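Chemist: Hints in hand, dock the two standalone chains.
Each chain, letter by letter, is given below.
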Amino acid sequence: MSEPNGNGTQPQLTAKDYKTDQEVRWCPGCGDYAILAALQGFMPELEIPKERIVFISGIGCAARFPYYMETYGMHSIHGRAPAIATGLSVSRPDLSVWVVTGDGDALSIGGNHLIHALRRNVNIKILLFNNEIYGLTKGQYSPTSPRGKVTKSTPMGSLDWPFNPISLAIGAEASFVARAIDTDRAQLTEVLRAAAAHKGSAFVEIFQNCNIFNDNAFDFVREDKENRIYLQHGEPVRFGPGGERGVRLRGDGSAEVFEGDGDALVWDAHHPEASPAFALSRLTRDTVGATPIGVFRDVERPVYDDLMDDQLRAASEQKEGELGALLAGGDTWTIS
Amino acid sequence: MAKQAKPVEQVDSVIVRFAGDSGDGMQLTGGRFTSETAVLGNDLSTLPDFPAEIRAPAGSLPGVSGFQVHFADHDILTPGDAPSVLVAMNPAALKTNLHDLPRGATLIVDQDTFTERNLVKAGYDANPLEDGTLDGYDVHTVPLTSMTLEATKDVEGVTKREAERAKNMFALGLMSWLYHRPTEQTVAFLERKFAKRPEIAETNKRAFHAGYAFGETTEDFAVSYEVKPAKLRPGTYRNITGNQALAFGLIAASVKSGLPLFLGAYPITPASSILEELARHKNFGVRTFQAEDEIAAVGAALGASFGGSLGVSTSAGPGVVLKSETVGLAVALELPLLILDIQRAGPSTGMPTKPEQADLLLVMFGRNSESPVPVLAASTPGQCFDAAVEAARIALKYRTPVYLLSDAYLANGSEPWLLPDVEAIPDIDAGFTTEAPPDGDFHPYVRDDDTLARPWAIPGTPGLEHRIGGLEKQDLSGNVSYDPENHDLMTRLRAQKIAGIASDIPELEVDDPDGAELLVLSWGGTYGPVAAGVRRVRGGGGKVAHAHLHYLNPFPRNTGEIVGAYDKVLIPEINLGQLRKLIRAEFLVDAAGFNLVRGLPFRASEVQEAIEAML
Chain A
1 MSEPNGNGTQ
11 PQLTAKDYKT
21 DQEVRWCPGC
31 GDYAILAALQ
41 GFMPELEIPK
51 ERIVFISGIG
61 CAARFPYYME
71 TYGMHSIHGR
81 APAIATGLSV
91 SRPDLSVWVV
101 TGDGDALSIG
111 GNHLIHALRR
121 NVNIKILLFN
131 NEIYGLTKGQ
141 YSPTSPRGKV
151 TKSTPMGSLD
161 WPFNPISLAI
171 GAEASFVARA
181 IDTDRAQLTE
191 VLRAAAAHKG
201 SAFVEIFQNC
211 NIFNDNAFDF
221 VREDKENRIY
231 LQHGEPVRFG
241 PGGERGVRLR
251 GDGSAEVFEG
261 DGDALVWDAH
271 HPEASPAFAL
281 SRLTRDTVGA
291 TPIGVFRDVE
301 RPVYDDLMDD
311 QLRAASEQKE
321 GELGALLAGG
331 DTWTIS
Chain B
1 MAKQAKPVEQ
11 VDSVIVRFAG
21 DSGDGMQLTG
31 GRFTSETAVL
41 GNDLSTLPDF
51 PAEIRAPAGS
61 LPGVSGFQVH
71 FADHDILTPG
81 DAPSVLVAMN
91 PAALKTNLHD
101 LPRGATLIVD
111 QDTFTERNLV
121 KAGYDANPLE
131 DGTLDGYDVH
141 TVPLTSMTLE
151 ATKDVEGVTK
161 REAERAKNMF
171 ALGLMSWLYH
181 RPTEQTVAFL
191 ERKFAKRPEI
201 AETNKRAFHA
211 GYAFGETTED
221 FAVSYEVKPA
231 KLRPGTYRNI
241 TGNQALAFGL
251 IAASVKSGLP
261 LFLGAYPITP
271 ASSILEELAR
281 HKNFGVRTFQ
291 AEDEIAAVGA
301 ALGASFGGSL
311 GVSTSAGPGV
321 VLKSETVGLA
331 VALELPLLIL
341 DIQRAGPSTG
351 MPTKPEQADL
361 LLVMFGRNSE
371 SPVPVLAAST
381 PGQCFDAAVE
391 AARIALKYRT
401 PVYLLSDAYL
411 ANGSEPWLLP
421 DVEAIPDIDA
431 GFTTEAPPDG
441 DFHPYVRDDD
451 TLARPWAIPG
461 TPGLEHRIGG
471 LEKQDLSGNV
481 SYDPENHDLM
491 TRLRAQKIAG
501 IASDIPELEV
511 DDPDGAELLV
521 LSWGGTYGPV
531 AAGVRRVRGG
541 GGKVAHAHLH
551 YLNPFPRNTG
561 EIVGAYDKVL
571 IPEINLGQLR
581 KLIRAEFLVD
591 AAGFNLVRGL
601 PFRASEVQEA
611 IEAML
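As given, the protein sequences belong to chains A and B, one line each in that order.
For what it's worth, the working numbering labels the leading residue of the first sequence as 1, then goes sequentially.
For what it's worth, the working numbering labels the leading residue of the second sequence as 1, then goes sequentially.
Keep in mind that the hints were calculated from the coordinates and are not lab data.
Certain hints may be false.
[To be verified] Pair by pair, the computed Cβ-Cβ distance ranges are:
1. B:Phe-432 with A:Val-24: 27 to 37 Å
2. A:Asp-306 with B:Pro-143: 36 to 46 Å
3. B:Ser-369 with A:Tyr-33: 28 to 38 Å
Here the structure is a predicted model, which means the values were calculated and not measured.
Cβ coordinates follow ideal geometry from the N, Cα and C atoms, glycine included.
Chain B extracted, bound-state conformation (with noise of 0.2 Å):
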C-alpha cells in the first residue's frame, strides 16, 4: 500500500463496530479486521452480537448483525462498553447501534442504504442523516456500494448482486487504512477463501484495496490513527474464542490422560460450534456423535466413560436441564464424565445468542435428592482452554460428573491466547484397576483413602466384571441395597468425595493492594468487564479487592477466610443472585449483589459505578 501521506495521530485504544445486515457479512469483516490486529501485535478483545435469526429479512432491526472490536497498546481486559467508531452498513444498522455510540464518536454509514424503503423498515421517519439525529458525531456518509460496484465493474463473470456483497471488504479496506492494520493477510485469505472462484476472490480484493485507496484520497478523513503494539508477554500467541480453546482443552485431556475422547451433543445455539470444532480433529481419536436429542447425547458420553472413554457432552441451558437424569446417574455410578453448559439467556428458548450467569443453581441443585456435583467456571476466551483441562482432570481423578461452565459471551469472544508450552501440561493418569484382588473379589465400592474415589474398571479386563445402577449400591461390594443405614452412608461418602477436592484446587487468589475495606468477588464470566471496572475505581483512586472464583463447587478452601475478612463483599452477576446466595448461605455473610439480567456482558463502567457505590 502507499505511503500515508496525511497526519497521523497516535491513540491507546479503539472500540471498533461493524454493524450491518445479516447478510453483509460483519462477522466476516469483524473477524478479518481482528486478524490484522492481531498480526499488528495490539492486545484484543472482541464480541460478536448477532440475531438467533439465520436471516431475519433484509434491512430489517432484528437482522442486524454486530461485531465489536477492542485493541490497544497496553493489555485490555473486554471488548469495551462504548464504541468510538461505528461502522454501520444499513439504517436498520444505525437505528439498533447508536444509542450505544457516545456523542463524538465517528461514524461511517453506507449512504447508497438510506433509501426511502430501508429508512422505512428500519422504522426512521425522517432520514437521520439529513435531521440532525447525527448533530454532535463525526460522521462519514461513504457511498459504499456504488463505489464497491464502480471498483468492481471490470471483472468478469460476476454478477452485480454478487459484486455488491463485496461492500465489506469496501468497508474492511477504509478502516484498515484508518488504522493502520496490515493488509496482506487479509488479501491471502480472500486468495484462499474463494479459491475455487477466483473471479470472486477478486472482486473481493478490489473492493477491499478500494476501501483502503478511498481513505488514503478522501478529505473526507483528515486523520489516520495508529495504535502502537502492546506489551503482553513474549511467546507465541493466536487469537482464539472461548468455544474453540474448549475444544482444544478436551482434546489436550485426551492427549494427557491416554484415553479417547467421546463427544456426545445435540446441535444447540451457543454450544454448536464445540462439537463442529471436534468433528474437525478425529485424527487425535476424537469420536463425535451428534445425537438424536440432549439425553441420548450425554447417554452415549457416559456409556463411553463406562467403556473408558474421557465422555463429554457439550450444551446451554435448555438443553442442560435434559441431561439432569442422566448426570444423577453418573452420580450414584461415580464415573467420570464432563457437561459443558455455554449459558444463553433464559428461561425455555430465551435468547439463545445472549449470555447469562443463571444456570449455576441449576447445575449445583437440578437434580433429585442429594447428588452432589463439582462446578467450575472459565473466565476468558483463552482461560476455557485451561478449564476443560482442569474440568477432566476432577472427573477422571474422582470418578464424578463434573459441570464446567461457560457463556455466550466467552464461546463467541475472542482474545490472543499466549500458546502453552504442552509438554509442560501435567499428565493426566486415569488409574483404572487391572488386577483382580489377591482373593478375586472385585468390590467395585471400596474407596481410595485421599480421593474417595471408587476404582474404575472397564468393559475388556478379565476377573473384574461387574455391575453398577442407578439403585442405591451397599458401601464396599456395590451390591444393590435398602439399609438405611448403608443410604445414610453412602449419601455422606458421596458428599464428602466432592467436598474433599478443595484440598486439590489452588486457593482463591485476592488482588488487594491497597488494603481496601470491599471485597468484588465475580465468577464465570464477567472476569473481564469486573476486573476492568475495578482498574477504573482504582484509577480514581477508590480502594477495592477483587477475588475470581473459577471453582464454584467446591468453593476454594479459603473462600471464607477471604469473604469474612472484609467489612463489605459486592457480588456482580448476570443472574439474579445465584453466587450470592451461597456465599451467604454458606459463610453467613451478608453480600450485596450488582445484578443486571439483560443478555449483555456487563460493561465495566457499570461495575465502576456499583462499586463505587459502596465505597
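Looking at chain A on its own, in the form it has when it is part of the complex (with noise of 0.2 Å):
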C-alpha cells in the first residue's frame, strides 16, 4: 500500500470525502447504493491521497459508478475497462486502478481483456458487480443468467449454459479471487481491503441484486444467511446452524457437503494449486445450494506493472537513451 502524500499533515478523510455532487441515478432499491457506500466508507482505510486513485468502468448500470467517486476516474466503453485500466496502471505505477463493471460488460463483451488483464496479473483491482441480467437495456438475459431462464430476450428461456464468474477467474490464472455479497457490509468490506493490499490483479465477484430485472436472483444467500459458506483462512469450512454443515474434497479432488461431524477443509487461500479454490468456486446454487462468500484464492506472483519497470530500469541502465546516437546507430556516411 502507498504512503499518503508524506507531509503527514493530510487530514484523515472519511466516506462524505469520496462522495461527487452528482446525483446517484441507479434504480431505489439497487444493490449498487450498498456497494457504493460500502466502497466510500472503505477508501480512507486505503490512506491514499484521492487524487491517485482511479476508478474506470465499462457500460452498463455499474458502469456509472465513477461519476459518483470523487477520485479519478473514466466512465468507458463497453467491456474494455480491463484494457484501458492496463494501459493507465502500467504506465502509472503510483496510482490505485479499479475497475468496476457488471456481468455482461466483463463476460460477455469484455471477456477476452478480463481474462488476459488476470493472466497478465496487471495491478488493478476488479469489482464485477453480478446481477445475472442486463440491466441498463432493460431485462436481456446475461452470460451468468441460469439455463431457461425467461427475459425479454428469451421469452422460451435461454439457451446458454452460464460462466461461474469465480470459476473463469482462477482459470484465468487469477492471482487474486474473491465473491461478497451488496448487502452483507462487513464482509464487503474485509474483501475490499484483502483485494487492496493484494499485489497484482484482484478479482472482486459481487452479488448485486437487481430489483426491477432479476429481483431475488440470490435470495439463497442473500436472504438465507445460512446457506453462506465463509472461507476463512486456515479455518475449517463449515457453515449452517451452528456449522452443523462442512465441506471437504473428495478423492477425486471435486468438494463436496457433508452433515455433522468429520474433518472439513481447512481452508487455505495461498494454496500454490488453483485446484482447491476451484473445487469450492463448483458448491453453487445449483450444486449444494449454498455457495462460499470470501477469499478464494491469495496468491503471489510477479505484478506485470513491476516487470515492465524492471524492463525500463535495466535497459536504462545499460545504456541511457540518447536520440541523436539512436538515429545515428547502423551504417551511416556523410556528404560533404
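Modeler: In C-alpha cells:
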C-alpha cells in the first residue's frame, strides 16, 4: 500500500470526502447503492491520497460508478475497462486503479480483456457487480443468467450455459479471487481490504440484486444466510446453523458438502495450486444450494507493472537513451 | 579485391531486382546490396516484395520473394518501374518476375535450379533457358549453387545444406563486382551476424568472394558498370525504412514532449516491425504492450494517455476497424492518442504484404456520429519520421486522437535519410493543468480560446479530481448532459476544434515551374512515383503542376484556392477515388482520378501516361 502524501499533514478523510456532487441515478432499491456506500466507507482506509485513486468502468448500470466517486475516473466503453486500466496502471505505477464492471460488461463483450488482465497480473482491482441480467438495456439475459431464464430476449427460456465468474477467474490464472454480497457490508469491506492489499490483479465478484429486472436472484444466500459458506483462511470450512454442515474434498479433487461431524477442509487461500479453490467455486446454488463467500485465492505472483518497470530500468542502466545516437545508429555516410 | 581488368562502363542509374525462394535470403541479399550502395553515396530507393506466407513450399510460385533497389548518380524518387537487372535464383522466381523485365535487360539465373522438378513446380512445360523464352535478353546462366558448394567445400563443420544456403552471398558477390560496390561492410556484417558460428561466417564469406572473383574472371561478363555518387544535400545519412522512421519519430516526440511513450499493439502485417523496433528502445522509457487484441491495444494506449503518457497504437486496416469505438471514445474524452494505420490491400484480410491507400475514408469517417479526427499521411520512408513527430504534436496540443497513414510500400521500402539535427526539433509542450482554479472548482471542458483544446489534468494532481466518459458532456463542467442545445454546441465545438488545426499547419505547396493548366494532386505514399511521373512529363516538354498533401483532415487552408486555380485536376490514388471524393465534396472541383488498385505502388511511367492523356 502506498504512503500518504508524505508530509504527514493530510487530514484524515471520511466516506463523505469520496462523494461527488452528482445525483446518484440508480433505481431505488438497487444493490449498487450498498456497494457504493461500502466502497466510499472503505476508501479512507486505503490511506492513499484520493488524487492517486482512479476508477475505470465500461458500460452498464454498474459502470456509472466513477461519476459518484470523488477521485479520478473514466466511464469508458463496453467491456474495455480492463484494457484501459491496464494501460493506465502499467504507465502509472503510483496510482491505485480500480475497475468497476458488470456481468455483461466483464464476461460477455469484455471477456477477452478480463482474462488477459488476470493472467498478466496487472495491478488493478476488478469489482464485478453480478446481477445475472442486463439492466441498462432493460432486462435481457446475461452470461451469468441460469439456463432456461425467461427474459425479454428469451421468451422461451435462454439456451446458454452460464459462466461461473469465480471458476472463470481462477481458470484465467487470477492471483486473487473473492466473492462478496452487496448487503453484507462487513464481509464486503473485508474482501475489499484484502483485494486492496493484494499485489497484482484482484478479482471480486459481488452478488448484486437488480430489483427491477431480476429481483431475488441471490435470495438463497442474500436472505438465507445459513447458505453462506464463509471462507476464512486457516479455518475449517463449515456453515449452516451451528456450523453443522462442512465442506471437504473428495478423492477426485472435487468438493462436497457433508452433514455433522467429520474433518472439514481447512481453508488455504494461499495454496500454490488453483485446484482446491476451483473445486470450491463449483459449490453453487444449483449444485448444493449454498455457495462460498470470501477469498477463494490469494497468491503472490510477479506483478506485470513491476516487471515492465524492471525492464525499463535495466535497459536505461545498460545504456541511457540518447536521441541523436539512436538516429545515427547503423551504417551512416557523410556527404560534404 | 583485385583491380578490375575488364572495361568499365559509366551509367547514371540502375535498377536491380533479386528474386528467389522465400528461404533463399533475398531480403538479406537486397539489404546488403543496398547498404553497399548507400556507403558508395548513390541515391537509392528500395522495394521489398515478399509473400505473406513465411515459407510457402520451396520452389513454388507463391513462395517467391523479391527485393528491388534503384540507385543512381542523381536524386531519385522511386524504386524504379522495371528492373535493368534481374537475379533469378530459381525457375519460379524467373516465371513471376520476367514479365516486369524489358527486352534487352540483364538476366542472371542460377542454372543449377532449372531441374525437371523445379520447372514443373514453376509451371514450365519446357526449360525457358533453352526454348527461346529468353530471346532478346542479355542472359547469364551461372551455376550458382554448384560454384557455391565448390567454393565452400573445405570449410569444416558445415553441412551441404548449410553451404548451399550461402548461394545468395555468391549472387551478392557477383553483383557487387558488376556494379563496383564496396565489399568491406558485407564481410564485417557476415562476421557479426554469424559470430556464434564462425564456420557459417566463413562459408558465407567464401561464397561472397567467389561470386566477386567469378565476375572478374568469367568471360560471360565482358564489362562492369560504375554509378558515380549522387550529389545529395550535405550531411550525414543513413538508410531507413518507413516503419523504422515512424518508430524513431515516436521516440523523438516522446523526448521532445517529455512524456513517456506507451505503445499498445497487436501483431499485424505490415505494422508489426514498429512494435518490434520500439521494444528495443526501452532505455528511452518506452513501454511496449503487446495486447490480447487490437481493441485492447488501443484501449491501453488511451488509458496511458489519460495518465499522461504519449499513447500510441499501431496497426493496419483490419486492426484499425476494431479500434474505431476507442477512437470515438477518445474524441469524446478529448484526450491525445495516436493511431498509425500502415495500410495494406484489402478488403478484409486482402493482401497483407501489399500496399494500398484505401483506408482514407475509413479513418475520416469510420466512427459513429459526428466524430472528427485529424488525419495525416506520410509521403516517403524518411518523411515518416517528421510525420510521426507532427502527428504527436497535433494530438498533444489539441487533445485529440490523430490518425497517421502510411502503407506497406513506405513501411518496408527504404531510402537514404539525412539525419535531422535533434536540437532543432522543436519541443512539444504537453501543457498539463496542475493547479486548481482559485475558486477550487475544476472544469475539465473549459476550452483554450485559440485551440479550443480542453485542460489535461492527469491523475495524481491534487485538487483536480474529475470524471470523464463517453456520455455527452455539458460544456465547461463536463458533467453528463442530455440537453439538446448542449449536444448541438458540443458537436460543433468538437468539429471547430479539428477544423481550426488548419491555421496551425503549413500551406499546401505547389510545384509549378511552367504555369501549367493541369494540377496533379497526390497524397501519402504515392509521392515518389507521382513526382517521378511529373518529372518525366516535364522532361518531354509537358506542362504540369504537382501538389502533395500530407494533411488530409483538415486540409491545408489554401487547398481550395489551389485546386480552384487550375483548369484540370488529376488525383492519382491507389484506391477508387477516395481523396477525389473529398476534394469534390469540399471544393466543388471536377477532379479526375487515376486509380489502380493492384496491391502495387504506381509506376512512374503509368503516372506519366495518365498525365499526358490529360494534357
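Chemist: Hint by hint, say whether it matches the structure.
Modeler: Hints, one by one, checked against the model:
1. B:Phe-432 with A:Val-24: 27 to 37 Å: holds (30 Å)
2. A:Asp-306 with B:Pro-143: 36 to 46 Å: violated (59 Å)
3. B:Ser-369 with A:Tyr-33: 28 to 38 Å: Check passed, 32 Å falls within 28 to 38 Å.
Hint violations for this structure: number 2 only, all remaining hints satisfied.
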